[in-house]
Amino acid sequence: MAAAADSSPTASRRSEPNHGLRIFLIWLVVAVVADYLIWAVWGPHLPPGDMASAANGQQFDIKVMSVMAAPVVAFVLIYFGYALVVWRQREGDEEDGPALHGHTRIQATWITATSVIVLFLFAFGTYELTTAQGAGAGSGEGPSPIWKPNGVKPLQVQVIGQQWRFTYRYPQFGGFETTALMLPKGQWVEFHVTSLDVIHSFWAYQLGVKADANPGVDNVAFTKPTQTGQVTVRCAELCGLWHGAMFNYGHVVSPAAFASWAKSTQTQLVSVTKILPPYATTYDPTVIPNINKAMAKSGITGANGYYYPPQDPEQP
Amino acid sequence: MAIEIQPGQTHEPGGGAPAAASRPARPWWRRPAIHTAVAGAVVGYVLGHLLGNFLGSGYQQLALSDSSDLPIVLGYVFAILGWLVGLGVFNDLARQVTGRPAMESNGHVETGGVAQYFRYSLDHKVVGIQYLVGMLIYFCTAGLFAMAIRTELLSPVHHVFSSSAYVEIVGEHGTMMMMLMTSVILGPFGNYLVPLMIGSKRVAFPRIEALSFWLTPAAFLILLSGLLLGGFPFGWTGYAPLSIQSTYGADSYAIAFGLMGLSMIMAGFNLIVTIVCYRAPGMRWSRLPMFVWSMLATSFLMVLAAPVLVGGMYMLITDRTVQTAFFTDTLGGSSYLYQNLFWFFGHPEVYILALPGFGIVSEIIPVFCRKPLFGYKVAAAGMMGVTLLSFFVWQHHLFDSGINPDMRPLFMLTTELISIPTGFIYLVAMGTFWKAKIRLTVPMLFALGMYFNFLIGGISGVFLSDVPADTTEHGSFFVMAHFHYTIMGGLIFALMAGIYYWLPKMMGVKLNERLGKVQFWTMFVFFNATFLPLFAVGMGGQPRRVFEYARNLQTLNDWVSIAAFGLGCSILIFVINFVYSTVIARVREVGNPWRSRGLEWQVSSPPPPGNFAQVPVVLSGPYEYGDPHAEPVADLAPPPGVLAASVGATQSTRAEA
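Heads up: the sequence lines are chains A and B, in that order.
Here the first sequence is numbered in our numbering, starting from 480 and rising by one per residue.
Here the second sequence is numbered in our numbering, starting from 821 and rising by one per residue.
No lab work stands behind these hints: they were computed from the structure.
We put the beta carbon where it would ideally sit given N, CA and C, even for glycine.
Hints should not be assumed to be uniformly reliable.
Here are some chain B residues pointing at chain A (derived, C-beta under 10 angstroms) [to be verified]: (1) E1293; (2) W1414; (3) A1450.
Each pair of labels, with its calculated beta carbon distance range [as the list claims (entries may be wrong)]: (4) B:W1379 <-> A:V512: 36 to 44 angstroms; (5) A:Q747 <-> B:F981: 37 to 45 angstroms; (6) B:P1127 <-> A:P496: 52 to 60 angstroms; (7) A:L516 <-> B:M1204: 34 to 42 angstroms; (8) B:L1157 <-> A:A759: 21 to 29 angstroms; (9) B:H1449 <-> A:S494: 25 to 33 angstroms.
As a list, the in silico SDA-like pairs of lysine to any residue whose alpha-carbon atoms are at most 20 angstroms apart [said to hold, decoys possible]: (10) B:K1255 <-> A:H582; (11) B:K1255 <-> A:K632; (12) B:K1255 <-> A:P496; (13) B:K1257 <-> A:G499; (14) B:K1257 <-> A:V732; (15) B:K1257 <-> A:K632; (16) B:K1197 <-> A:T591; (17) B:K1257 <-> A:H582; (18) B:K1257 <-> A:Y561; (19) B:K1255 <-> A:K742; (20) B:K1255 <-> A:Q666; (21) B:K1257 <-> A:I557; (22) A:K632 <-> A:P496; (23) A:K632 <-> A:V732; (24) B:K1337 <-> A:G499; (25) A:K627 <-> B:M1227; (26) B:K1197 <-> A:P523; (27) B:K1255 <-> A:T583; (28) B:K1255 <-> A:I557.
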């Protein structure tokens, strides 16, 4: 390195305080306090909450990253703040500062430290993503996921995005289709996300699930709801005029309540399910069997296999 | 060693025949300028539209489709050609092809005055000013759209705009900012200052440089004209198949963005060759100002990334017009292809937007710290490292898309690695601040603001690189806050620093300092008040580009909207200051107000035609503050023989020839 250690500092005046030590001590106090507050006080309330395994994992990741980030931010800000207070130009002082071109050890330390932090974050993120508990961290993993929960039979729910609504199909219950997202507590859920027209993104905020809905693609994501309650579902990918209003709500209920809901809905919708396209991982909206019957039945449920017509998209 | 040889004969920028013809000057309205360009564009559009109708009617596939985009697209293409013909871009080419001498009046020798800024000028200093004013107009226009977005988001349920108007506004704001602001620093400062900083009398390719500018107003107007065609409902990313499904407005998006891609390629190409081949004797790589390094890095990104964008836009246009199916999955295409193409350009583009800012602040802080830049080689290596790595991170935009899910750890790694060279910028700054004599001038304030904002932007970017954390943050206002911190907080703050620092050089007038300080503090406070809460809004579950959001987020959104209007007012203060200082007050500033060692400050302000009377010989680096033994930065009038001796035996023979 040409930026060789500066061996002739002009700061040889004895009265000069040890700036480095001062900055370090201020930083140490601030960093410890900030990290404690983030971990213990703020951490349990960080988004996206702990209503599902994936959400919990994301919350943990965000907490760890915050704990890593706070000292870095604090260090830079304290340093700049200190510099602005202590090393301001004094009135009438027109001299230049010391001709310090570089400092090999400091540069090497900096590079090493940032590399260590970065590599740790990479290892941590990969671990969180790929373990069975992480199971892909709730993100869309494409048609054949390799990171999934071990040895369980998850509930399959298909999410069909179309302009501008989500509908859900339950293949393990005859493949009925509904606009209501119901999930049992305590069971792994395997979302199969696809789209009929443009790219949408299925974002079940409290479940910690986000998976793009691509036309012709089966995008799989896993999560395990651990609490009952309401779930907000929003489209997280700009999909046209009414993207801004493309949301609905799902519910996590007790396993017994889910079982009875699934059974009664299946029976109630049996005639509609018959004219729907048979359950598949993807659909081609240009080829719809029974389209006339499906149109005639429209209105029985919110979903009813009625593919959104292209005319008048302004007023759906 | 790359040098500019003093040619034996008059060598005007752009070359041309030795004996340029001079005709009696024609009246202004008969000389090519912006008015003839507009006329050419109008004629071209009509011709193209008619041609499109004619061609389209011959093909059953096109005639049967519910709408034919061919007339619109060909109209735009011919309008661009007409615009360039009207500007006189092809005049010299036509003369050289037909064997006539090149015309002097075609901007080679400028008559001076305001009129030259409305012509196809080959003077890099004129192009720089054209870029500066143009970019400020584009920035303010796009900023007005942002004000409209924030107005709509004041309430989650009451709407100011219809859903179609809102989505058009979002698209126009995003696209205009992201496509035109790529050149916001490289255009004005890169073109104007790089030759001055490296001791050159000219840029390598003045015609390409001028063309790169004159494509930007065309792109700007075409993008805006999309509003007349119903706008485009897909933001700045233009994801297919939504962009294929959309109405005519999407054509304006694809043509404008592709055109801006061409402009980027030309601007970058010209600067790369200029920096590599036109450095003055003694301007070694180790003496290159940091701003020039950043321009070199940015230019490489532009030249290597923008072709992918142009290709992607071309495929989009053919999908929309002649019914190809690159991006239609039922016909054998893939919507993933578009996402890949777009982000393969899109992520380097993010660094096209970031690196110039790094360059400006690294250039400014040594001057106002009165210290050498700390770790010069680290700073240059950081910029080059960012440039290289930025081509290997694009799929982090697609973590949830289901594309290559098994590759996500790799892209997580590359994305996090890029924070190492980016961090060098902070190492350099902090080392430079160590025991400095800090002067809080307006440029320095903006540079400090940039460091503060970019820190938050960069750290939030690390959150986004982590796949599990990104699952919550992706596509939400968190991302939006993140990139506004890096681009608005980084690039635009650096742009302001650059304007306050270099406008005395470029225009010979000083910007009002009091207004500058008022602008900085309002801009800094309102910027952070606007975008810091948006991290929380995004984490709270608000996706981007929505007009309806959860009621519990209304307080934060209202706060953000009000702060955003304040931010708009601070930009208004800047516009007032700019116009007042450069048009009304005009306080002359001819010397070196910042006592900078930069080579660009060693000539008068504004620099004379040809920049230097003679090619200077550079004697030392630009940041040797505090070193009493440092030589002056350059010998501006080297005695005869010095030039030849300084460039070595092989080239001295050429120099004397």
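Given the hint that K1337 (chain B) pairs with G499 (chain A), does the C-alpha gap stay at or below 20 angstroms?
-> violated (31 angstroms)
For the pair supplied as a hint, K1255 (chain B) and I557 (chain A), is the alpha-carbon distance within the 20 angstroms limit?
-> holds (15 angstroms)
Measure nothing beyond the straight line between the CA atoms of K1197 (chain B) and P523 (chain A); if it is 20 angstroms or shorter, mark the hint as holding.
-> Distance ~44 angstroms between K1197 (chain B) and P523 (chain A) Cα, so the pair is violated.
K1255 (chain B) and T583 (chain A): Cα distance at most 20 angstroms?
-> Judged against 20 angstroms, a Cα distance of about 17 angstroms means the pair holds.
Are the Cα atoms of K632 (chain A) and V732 (chain A) separated by 20 angstroms or less?
-> holds (18 angstroms)
Compare the distance between the alpha carbons of K1255 (chain B) and H582 (chain A) with 20 angstroms, and conclude whether the hinted pair is satisfied.
-> holds (14 angstroms)
Are K1257 (chain B) and V732 (chain A) close enough, with their CA atoms no more than 20 angstroms apart?
-> violated (65 angstroms)
K1197 (chain B) and T591 (chain A): Cα distance at most 20 angstroms?
-> Holds, because 17 angstroms separates the two Cα atoms, which is no more than 20 angstroms.
If you check the beta carbons of Q747 (chain A) and F981 (chain B), does the distance land in 37 to 45 angstroms?
-> holds (40 angstroms)
Have a go at the E1293 (chain B) hint: is there a Cβ in chain A nearer than 10 angstroms to its own Cβ?
-> Holds, about 8 angstroms.
Verify the proposed pairing of K1257 (chain B) with H582 (chain A), using a straight-line Cα cut of 20 angstroms.
-> holds (19 angstroms)
Verify the proposed pairing of K1257 (chain B) with Y561 (chain A), using a straight-line Cα cut of 20 angstroms.
-> holds (13 angstroms)
The structure shown violates the earlier hints numbered 2, 4, 11, 14, 15, 19, 20, 22, 24, 26.
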